[in-house]
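Enquirer: Sequence:
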Amino acid sequence: MSQIRKIGKIEPAYPFASYAHIVSPLPEDEGGGVLITFPDLPDCMSDGETEEEAIANGRDAFASWVSARHDAGKDVSPPSYRPESIPAVSGRFVTRLPKSTHAKLSERARAEGVSLNALVLAMIAEGLGRRESQV
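Numbering of the sequence shown is given in our numbering, commencing with residue 3 and proceeding in unit increments.
Hints are computed from structural coordinates only; laboratory data are not their basis.
Quick caveat: nothing in here was measured; it's all calculated off a predicted structure.
Backbone N, C-alpha and C define an ideal beta-carbon position, used for all residues, glycine too.
One or more hints might be untrue.
[As the list claims (entries may be wrong)] Computed beta-carbon distance windows for the label pairs:
#, residue 1, residue 2, range
1, Ser102, Ile12, 45 to 53 Å
2, Arg7, Asn119, 42 to 50 Å
3, Glu55, Arg98, 34 to 42 Å
4, Glu109, Asp73, 40 to 48 Å
5, Met125, Ser20, 18 to 26 Å
6, Glu51, Ala74, 28 to 36 Å
7, Pro27, Lys76, 28 to 36 Å
8, Phe95, Ser20, 19 to 27 Å
9, Ile6, Lys106, 41 to 49 Å
10, Ser66, Met125, 22 to 30 Å
Using the sequences and the accompanying hints, generate a full structural model.
Expert: And the structure:
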């Protein structure tokens with residue numbers, strides 16, 4: 003029988019609010035609810051019945067993930083989004099894309115029950131998180 007070792011919580015170098023997180027609905031055929039993921043923190047995720055619950059559970063997952071990484075002797079990457087290091091931007095981003103791509107994105111957003119903007123934002127954030135974890 004394996005023993006379970008308790009890992010003590012540590013104070014992270016950067017707080018929960020410093021890390022980007024993506025909140026997205028889970029399909030009903032997968033149980034429904036809301037998923038929260040962190041592009042900067044591989045495999046750190048949680049869920050909840052509501053967005054508020056998913057974020058609260060995400061805070062717990064974040065604290066546990068950071069503590070487990072520390073206990074394993076692994077580094078915790080700093081958040082990729084640090085407002086003090088980014089020039090002033092409006093937050094508005096406009097781009098043109100092929101009609102076929104627009105149609106595919108619109109259909110996927112409809113299927114997932116989210117707005118087109120929310121879907122594209124989640125995809126961009128996930129892609130940035132994946133790319134930065136490879137660098």
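Enquirer: All hints, please: hold or fail.
Expert: Now the hints, each set against the structure:
{"no.": "1", "hint": "Ser102 x Ile12: 45 to 53 Å", "result": "48 Å, holds"}
{"no.": "2", "hint": "Arg7 x Asn119: 42 to 50 Å", "result": "44 Å, holds"}
{"no.": "3", "hint": "Glu55 x Arg98: 34 to 42 Å", "result": "38 Å, holds"}
{"no.": "4", "hint": "Glu109 x Asp73: 40 to 48 Å", "result": "44 Å, holds"}
{"no.": "5", "hint": "Met125 x Ser20: 18 to 26 Å", "result": "22 Å, holds"}
{"no.": "6", "hint": "Glu51 x Ala74: 28 to 36 Å", "result": "31 Å, holds"}
{"no.": "7", "hint": "Pro27 x Lys76: 28 to 36 Å", "result": "31 Å, holds"}
{"no.": "8", "hint": "Phe95 x Ser20: 19 to 27 Å", "result": "22 Å, holds"}
{"no.": "9", "hint": "Ile6 x Lys106: 41 to 49 Å", "result": "46 Å, holds"}
{"no.": "10", "hint": "Ser66 x Met125: 22 to 30 Å", "result": "27 Å, holds"}
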